[in-house]
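Visitor: The primary structure of each chain is shown beneath.
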Amino acid sequence: MATNFASKRLSKELSKINGQLPPGIALVKAEDFQEWLLDIKVLDQNPLYLNQTYRLKFKFSPSYPIEPPEVTFLLCADRPIPMHPHIYSNGIICLDLLGQQGWSPVQNVESICMSLQSMLTGNTKNERPEGDQQFVANNRRRPRDIDFYYHDNTV
Amino acid sequence: MDSDDDFMSGVSSEEDDVLQDGSDNEDGSADDFGFDEPEPDLGYSQKETVQKKKKSFDTTFTVYHPEDIQGQQDDLIDEVNMILDLRKEDVAILLRHFRWNKERLIEDYMDRPKKVLEDAGLGPSTSGPPKLEAIPGFMCDICCEDEAGLLSFAMKCGHRYCIDCYRHYLAQKIKEEGEAARIQCPQDGCKRIMDAKSLDLLVTADLQARYHELLTRTYVEDKDQLKWCPAPDCVNAIECGIKKKDLDKVVPTVVCDCKHRFCFGCILADHQPAPCELVKKWLKKCADDSETANWISANTKECPKCNSTIEKNGGCNHMTCRKCKHEFCWMCMGLWSEHGTSWYNCNRFEEKSGSEARDAQAKSRVSLERYLHYYNRYANHEQSAKLDKDIYQKTEKKMIQLQSASGMSWIEVQYLNSASQALQTCRQTLKWTYAFAFYLARNNLTEMFEDNQKDLEMAVEALSEMFEKPVTELADSKLKVEIMDKTSYCNKRRVILLADTADNLANGDWDFNIDIASPTSRREGPPDRNLSRYPLIN
Numbered sequence: 016m017a018t019n020f021a022s023k024r025l026s027k028e029l030s031k032i033n034g035q036l037p038p039g040i041a042l043v044k045a046e047d048f049q050e051w052l053l054d055i056k057v058l059d060q061n062p063l064y065l066n067q068t069y070r071l072k073f074k075f076s077p078s079y080p081i082e083p084p085e086v087t088f089l090l091c092a093d094r095p096i097p098m099h100p101h102i103y104s105n106g107i108i109c110l111d112l113l114g115q116q117g118w119s120p121v122q123n124v125e126s127i128c129m130s131l132q133s134m135l136t137g138n139t140k141n142e143r144p145e146g147d148q149q150f151v152a153n154n155r156r157r158p159r160d161i162d163f164y165y166h167d168n169t170v
Numbered sequence: 076m077d078s079d080d081d082f083m084s085g086v087s088s089e090e091d092d093v094l095q096d097g098s099d100n101e102d103g104s105a106d107d108f109g110f111d112e113p114e115p116d117l118g119y120s121q122k123e124t125v126q127k128k129k130k131s132f133d134t135t136f137t138v139y140h141p142e143d144i145q146g147q148q149d150d151l152i153d154e155v156n157m158i159l160d161l162r163k164e165d166v167a168i169l170l171r172h173f174r175w176n177k178e179r180l181i182e183d184y185m186d187r188p189k190k191v192l193e194d195a196g197l198g199p200s201t202s203g204p205p206k207l208e209a210i211p212g213f214m215c216d217i218c219c220e221d222e223a224g225l226l227s228f229a230m231k232c233g234h235r236y237c238i239d240c241y242r243h244y245l246a247q248k249i250k251e252e253g254e255a256a257r258i259q260c261p262q263d264g265c266k267r268i269m270d271a272k273s274l275d276l277l278v279t280a281d282l283q284a285r286y287h288e289l290l291t292r293t294y295v296e297d298k299d300q301l302k303w304c305p306a307p308d309c310v311n312a313i314e315c316g317i318k319k320k321d322l323d324k325v326v327p328t329v330v331c332d333c334k335h336r337f338c339f340g341c342i343l344a345d346h347q348p349a350p351c352e353l354v355k356k357w358l359k360k361c362a363d364d365s366e367t368a369n370w371i372s373a374n375t376k377e378c379p380k381c382n383s384t385i386e387k388n389g390g391c392n393h394m395t396c397r398k399c400k401h402e403f404c405w406m407c408m409g410l411w412s413e414h415g416t417s418w419y420n421c422n423r424f425e426e427k428s429g430s431e432a433r434d435a436q437a438k439s440r441v442s443l444e445r446y447l448h449y450y451n452r453y454a455n456h457e458q459s460a461k462l463d464k465d466i467y468q469k470t471e472k473k474m475i476q477l478q479s480a481s482g483m484s485w486i487e488v489q490y491l492n493s494a495s496q497a498l499q500t501c502r503q504t505l506k507w508t509y510a511f512a513f514y515l516a517r518n519n520l521t522e523m524f525e526d527n528q529k530d531l532e533m534a535v536e537a538l539s540e541m542f543e544k545p546v547t548e549l550a551d552s553k554l555k556v557e558i559m560d561k562t563s564y565c566n567k568r569r570v571i572l573l574a575d576t577a578d579n580l581a582n583g584d585w586d587f588n589i590d591i592a593s594p595t596s597r598r599e600g601p602p603d604r605n606l607s608r609y610p611l612i613n
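Residue numbers (the numbering used here), protein chains in the order written: chain A, 16 to 170; chain B, 76 to 613.
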């Protein structure tokens, strides 16, 4: 039942995505209902992200969309991790939308991509989060188990 | 108070019924503030006189069982429901939003009803009472299901989802996140709060039970004058009117119906006579390294030139620092070159170059000794407290043995049980008197305190010795009388000590060498230093 639940919703999302996606978002791989890859671009002239494409990895649990998916940036040959004060250099994103408190089951893959686009668009700081080095070196937990402290609503 | 009660009883009977509920409540809360003025309580009500005479270190409190806690919530909800003419489920949400402050809720609601509803998550309503519906042409935004006859539900905000998704959503919130009082509508950004009635319509019985349990938990946690009994598996809550700011004046020890004695201020086990802040500092001091630093300064010296810390573990007094090659005398800390040929016989005691180092060291040594003096006595009593369980079992065994050895009846050997209980409570009190004394400045009051402490300590030791005697001796009726006398003496000395400290605390007469009012804890002891522990070459 539970797997059915996520699959049904994801198959609906997939058929919608295959039809049309907003500009700057492209589906790369969606072979099953556990892990998808998408590419996003920032559409304005923000010099931090100009002419760059970033790869996103979505991991869905059987209770998606009641539970948020796990979303991280993925480092590939021509796909860097974007510079942002809320994005760690290992691709982990600190965004309340992706945590249990900020998540709403009405959100979907498309709306997450758009939120991340606008999160990048609005940023002017060419920096990593505080304690990035240490976090990246020591973190063995999955993003959903990390207690992010959402304190900064400006970027 | 008395006149109020008289007034109430004088009111005509029809009005009496209406006022009954309200006045009960008023009495309850007024009672809680009576802790610092025990005299007017005498003969104040039937219940109070039945209780033993109140001592100055006793705190007024009430124990509530789960059904009482539920009853209180229901009463409050009913009351506000009558005044404001809102649905009970909504009143519950409003009360939770206002942390059960009924007066503030009513006042605010009268002023700006719309804003209050909005803030509490009860925004503008668009549909009727909660019910499951099958709406033609409906598609669920969560699972994208759109088959005909799909049952769906929406709260008053009108955001509609299918019953399956709603169930999943609520199960996730209640089971995984432990959320109850603030479950919002699944719609992104909608602040509408799920009410109990809608929830009961949607979820299975086990989830309902868990939901109501969580709600009760938030009720107790939301109210400052309510706290859960911290004993394992205990489901009771305690109400006590002591405010946080009063904790430097009173030590609010309460006793749950499960027999657990604890401090209402900090939830730790009973720590009379020491106030909470002092206890916090003491426990921190015992746990942290501040005394290690004192050991270091008492047992090591620093090179007068480069300040490397040195522990001398043998050899002569001619020190050569490994790091900076400075040569000095261990005894006087002065330059070795000034010693001339008087090796091994330092006669430079009065010279200035070493006196400062010696002063600092002496201070550390005294401080360490002082701390250890109090700590050893504290730890000794704590150890005895840990053996509580043993003592209890031992007592029971002893009582049975004594019955068969002396032919005494069960009731006649109960004096051993009261002796054992007296020993335990007195030890608990004594334990904390040492932490208390550690922070006391030297003055007359302190001396009186120490005399009281000494009396109790001696009495407890004497009782303990008698208590440990073999059964054959215990059968002697003379010893029984002695033990009974000593037991009551111990209890009396404990009461005297606690009353004396509590009175002085309430009046602010104690002179502490720390600030017991401030909740911010400062780091005590010197900052960390790098240690080099090499013995020096000489």
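Among the hints, erroneous ones may be present.
Using 25 Å as the maximum straight-line C-alpha spacing, the simulated DSS-like pairs for lysine-lysine come out as follows [unchecked claim]: (1) B/Lys206 with B/Lys266; (2) B/Lys250 with A/Lys23; (3) B/Lys177 with B/Lys206; (4) B/Lys461 with B/Lys561; (5) B/Lys561 with B/Lys130; (6) B/Lys250 with A/Lys74.
Examples of chain A residues toward chain B, derived with CB under 7 Å [said to hold, decoys possible]: (7) Ser22; (8) Thr87; (9) Leu110; (10) Pro120; (11) Val121.
Hints are computed from structural coordinates only; laboratory data are not their basis.
These numbers were taken from a predicted model, which means no experiment stands behind them.
Where is the CB? At the ideal position from N, CA and C, for every residue including glycine.
Visitor: None of the hints should be skipped; say for each whether it holds.
Guide: Quick rundown of the hints versus the structure:
1. B/Lys206 with B/Lys266: Answer holds: lysine 206 of chain B to lysine 266 of chain B is near 20 Å, not above 25 Å.
2. B/Lys250 with A/Lys23: holds, 23 Å
3. B/Lys177 with B/Lys206: Not OK: lysine 177 of chain B and lysine 206 of chain B at ~29 Å, beyond 25 Å, violated.
4. B/Lys461 with B/Lys561: holds, 23 Å
5. B/Lys561 with B/Lys130: holds, 21 Å
6. B/Lys250 with A/Lys74: holds, 22 Å
7. Ser22: violated, 10 Å
8. Thr87: violated, 21 Å
9. Leu110: violated, 14 Å
10. Pro120: Nearest chain B Cβ about 4 Å off; hint holds.
11. Val121: Because about 5 Å separates valine 121 of chain A from the closest Cβ in chain B, which is inside the 7 Å limit, the hint holds.
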